[in-house]
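What follows is each chain in one-letter form.
Protein chains: 2
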Amino acid sequence: MRLSRYFLPTLKETPAEAQIASHRLMLRAGMIRQGAAGIYSWLPLGLKVLKKIEAIVREEQDSAGAIELLMPTIQSADLWVESGRYDDYGKEMLRIEDRHERQMLFGPTNEELITDIFRREIKSYKDLPKNLYHIQWKFRDEIRPRFGVMRGREFLMKDAYSFDLDAESAVKSYNAMFVAYLRTFARMGLRAIPMRADTGPIGGDLSHEFIVLAETGESEVFFDAGFDEFDPMAVEAAVGSDLQPVVDQWTSLYAATDEMHDPDSTEAKATKLVQGRGIEVGHIFFFGDKYSKPMKAEVQTSDGQSVPVQMGSYGIGVSRLMGAIIEASHDENGIIWPEAVAPFKVGLMNLTTKDEGCTAACEKLYAKLGAAGVDVLYDDRNVGAGQKFANMDLIGLPWQVALGSRGLKNGVVELKNRATGEREEVAIGEVVAKLT
Amino acid sequence: MRLSRYFLPTLKETPAEAQIASHRLMLRAGMIRQGAAGIYSWLPLGLKVLKKIEAIVREEQDSAGAIELLMPTIQSADLWVESGRYDDYGKEMLRIEDRHERQMLFGPTNEELITDIFRREIKSYKDLPKNLYHIQWKFRDEIRPRFGVMRGREFLMKDAYSFDLDAESAVKSYNAMFVAYLRTFARMGLRAIPMRADTGPIGGDLSHEFIVLAETGESEVFFDAGFDEFDPMAVEAAVGSDLQPVVDQWTSLYAATDEMHDPDSTEAKATKLVQGRGIEVGHIFFFGDKYSKPMKAEVQTSDGQSVPVQMGSYGIGVSRLMGAIIEASHDENGIIWPEAVAPFKVGLMNLTTKDEGCTAACEKLYAKLGAAGVDVLYDDRNVGAGQKFANMDLIGLPWQVALGSRGLKNGVVELKNRATGEREEVAIGEVVAKLT
Numbered sequence: 017m018r019l020s021r022y023f024l025p026t027l028k029e030t031p032a033e034a035q036i037a038s039h040r041l042m043l044r045a046g047m048i049r050q051g052a053a054g055i056y057s058w059l060p061l062g063l064k065v066l067k068k069i070e071a072i073v074r075e076e077q078d079s080a081g082a083i084e085l086l087m088p089t090i091q092s093a094d095l096w097v098e099s100g101r102y103d104d105y106g107k108e109m110l111r112i113e114d115r116h117e118r119q120m121l122f123g124p125t126n127e128e129l130i131t132d133i134f135r136r137e138i139k140s141y142k143d144l145p146k147n148l149y150h151i152q153w154k155f156r157d158e159i160r161p162r163f164g165v166m167r168g169r170e171f172l173m174k175d176a177y178s179f180d181l182d183a184e185s186a187v188k189s190y191n192a193m194f195v196a197y198l199r200t201f202a203r204m205g206l207r208a209i210p211m212r213a214d215t216g217p218i219g220g221d222l223s224h225e226f227i228v229l230a231e232t233g234e235s236e237v238f239f240d241a242g243f244d245e246f247d248p249m250a251v252e253a254a255v256g257s258d259l260q261p262v263v264d265q266w267t268s269l270y271a272a273t274d275e276m277h278d279p280d281s282t283e284a285k286a287t288k289l290v291q292g293r294g295i296e297v298g299h300i301f302f303f304g305d306k307y308s309k310p311m312k313a314e315v316q317t318s319d320g321q322s323v324p325v326q327m328g329s330y331g332i333g334v335s336r337l338m339g340a341i342i343e344a345s346h347d348e349n350g351i352i353w354p355e356a357v358a359p360f361k362v363g364l365m366n367l368t369t370k371d372e373g374c375t376a377a378c379e380k381l382y383a384k385l386g387a388a389g390v391d392v393l394y395d396d397r398n399v400g401a402g403q404k405f406a407n408m409d410l411i412g413l414p415w416q417v418a419l420g421s422r423g424l425k426n427g428v429v430e431l432k433n434r435a436t437g438e439r440e441e442v443a444i445g446e447v448v449a450k451l452t
Numbered sequence: 017m018r019l020s021r022y023f024l025p026t027l028k029e030t031p032a033e034a035q036i037a038s039h040r041l042m043l044r045a046g047m048i049r050q051g052a053a054g055i056y057s058w059l060p061l062g063l064k065v066l067k068k069i070e071a072i073v074r075e076e077q078d079s080a081g082a083i084e085l086l087m088p089t090i091q092s093a094d095l096w097v098e099s100g101r102y103d104d105y106g107k108e109m110l111r112i113e114d115r116h117e118r119q120m121l122f123g124p125t126n127e128e129l130i131t132d133i134f135r136r137e138i139k140s141y142k143d144l145p146k147n148l149y150h151i152q153w154k155f156r157d158e159i160r161p162r163f164g165v166m167r168g169r170e171f172l173m174k175d176a177y178s179f180d181l182d183a184e185s186a187v188k189s190y191n192a193m194f195v196a197y198l199r200t201f202a203r204m205g206l207r208a209i210p211m212r213a214d215t216g217p218i219g220g221d222l223s224h225e226f227i228v229l230a231e232t233g234e235s236e237v238f239f240d241a242g243f244d245e246f247d248p249m250a251v252e253a254a255v256g257s258d259l260q261p262v263v264d265q266w267t268s269l270y271a272a273t274d275e276m277h278d279p280d281s282t283e284a285k286a287t288k289l290v291q292g293r294g295i296e297v298g299h300i301f302f303f304g305d306k307y308s309k310p311m312k313a314e315v316q317t318s319d320g321q322s323v324p325v326q327m328g329s330y331g332i333g334v335s336r337l338m339g340a341i342i343e344a345s346h347d348e349n350g351i352i353w354p355e356a357v358a359p360f361k362v363g364l365m366n367l368t369t370k371d372e373g374c375t376a377a378c379e380k381l382y383a384k385l386g387a388a389g390v391d392v393l394y395d396d397r398n399v400g401a402g403q404k405f406a407n408m409d410l411i412g413l414p415w416q417v418a419l420g421s422r423g424l425k426n427g428v429v430e431l432k433n434r435a436t437g438e439r440e441e442v443a444i445g446e447v448v449a450k451l452t
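As you go down the protein sequences, you meet chains A and B in turn. Heads up: the first sequence begins at 17 in our numbering, then just goes up one per residue. Heads up: the second sequence begins at 17 in our numbering, then just goes up one per residue.
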């Protein structure tokens, strides 16, 4: 992509309203713009990252055997009355009346709607287990939206719902998501620790939060130093394999958020405790028949009985993850994208646009990198080199390639690794090989 | 995908509420389920097709030089007051009040919001032209939603917005979209004819509707038989190339919807008129400064003047297209998917699940097709062969591969082309080669 044709409105100044690094950097790097309090437009650079995060989430859900569908944003209030949550949910639910004065709402979560879909179509134990998920925009009318996409009102969430005949099978479904979550966050370059959590308004008695460690995280967390030894990517989670040992390992060590932490407990005392800060990026629940019972989502067992299905739900804050990644990976000059979610792999800078030879060499390199399948953002604008370097550091692409008149004379570009800051001169003819 | 693990709730009976073929077939083929009037959940098979349609739309927008971003579903009412459309829009706009009693709405279209983004960031003619698009869920509170996804309330739309310094340049942006639309619909196997249209509530003085021809279309259309000779895929629309001759060709012949048709006009009389039925799938507008003037979206010209930008907008009904494709391509047994948008390329049926040898042969074939990159839906259920054949015809995958005990003895499968109905026996070892 040529920067002169792209839409990347970067800001030199730090916007006054932004209190945390990810919010500041997403505004400055031209990734988002606020439309109304807690509601954002995703500009092209931000959308590209959002889609990469979404793709990783989707791949790991698919690998874990979950099936994708898509529920609408607007729901009828009737189902929420049926489950008993319509009054419970309070003002965070965006309530809407349509032209025929029917009560509707913008879905903050989908337990009711998926339970309704399930009960209309699935009647037999033979069709179980099932795990259905979607990736859809949700709305929660936060009283004080803040921190950019970290606590917005309209946000993108992946939510999966599992349906099993009995609790034993439901725990297997829970474990599959547990392991998929470990893999999902690790693939984005994040260190996430599952912590036993309060079930809150979703309900149920088994629940874990996945907390990403970041110095600027929203809440204090306490965990065993032993988590350092665990490698989430070591787990190959084939559909149907027994994941209990993996879950046992990851839940064998002490880990608690501020609210759940008890420094005087035996477990906490037995631990080599590390204190840090964290950001919640995922939350999983097993809640049995909490929804299936009042909503009569029942299946026939092999001996002809009708029983309510055992359910769990599994959320990942897809748009929030972008904030978490930036909080975990930035420096004073800007964002440092892990390659798996970087909007472009390479930023190519023409440092001397007035030199026709230099421009021709840049154009040729841009074309060659494109032909080799490398996704490049090419800064072809007529602005100073200093501005180009500062912009590239700000938007944080993994690799920077700078070519100016001086380099051209020697037949070299300067190649910089954004994460390490290392620079090296590379012969122009070797750039493509180096980056593929 | 194994059908036993998938979620594909097909229906034998025709649902009473469905009046047109696409609505009936999408319900029967387990592609959608209604949540509330005109609001649908997309079940896995429907979502797969929706994503394929969306991908084609996206590719052609990108090829035409448009840049993707993503605006939120919920907008502040303020911008609509500023443009003067807040009162005009009437009850079709879903109006919402948030917890702080601020007036919000679920976007039915995005002229105001994109104009706001533009005016905050772009100040100079040097940054023009720009074409920004998104693919996002919209809501129009239709008084009587009907015909399934053809006239729903929550629907997926691609909307692009072009910004140019002057009308001459704006017409080039218009032409680029005109040609992109011809290509987009042709790639989905649709025959679409651009027809001069009324600009309605969007405004402006240049506008075309793209109408897909289908016997069951919603409106009557009249067009010159000469359109038969035109090939939309003959147009290679490189960014920046002069497309006026292509647009001139496609607008040189008479074409009008019922409302615009005048049988007594000179043009209509000079035409070899064909009468048919059609479905609107796209609509493009050039409306100059209708929004940029009241909203003060101005840029500096090269001689330092401030002028309002010249704008156009370009919509494609992405979810509606699915209905249009089915209306244009089905028979009495079900849907006939054009390969470009088919949810799976191949349906593999095990006709004798009780025969272990047959099951083993099917499993092997399924694995081999998957390894060759062929997307297969594998009917491994314990149900009768008749039900399997009927289901496959209903969901309309381009190719059916049937293997039973009898075929296995002779080492052959039956391969059926869904569109032509042709069947042939193919040696088991040659199936993969035949389908790749």
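Hint data in this document are derived by calculation from the structure and do not stem from the laboratory. One or more of the hints may lead you astray.
[To be verified] Partial chain A-side listing against chain B, Cβ under 8 Å, derived:
(1) 60
(2) 133
(3) 157
(4) 161
(5) 163
(6) 260
(7) 317
[To be verified] In silico lysine-lysine, DSBU-like type, Cα no more than 30 Å apart, as pairs:
(8) 67/B with 64/A
(9) 146/A with 64/B
(10) 285/B with 139/B
(11) 67/A with 361/A
Note that this is a predicted model, so its numbers are computed, not measured. Glycine included, every Cβ here is placed at the ideal spot set by N, Cα and C.
Task: Numbered hints the structure breaks, given as an ascending list - done: 4, 5, 6, 7 and 10
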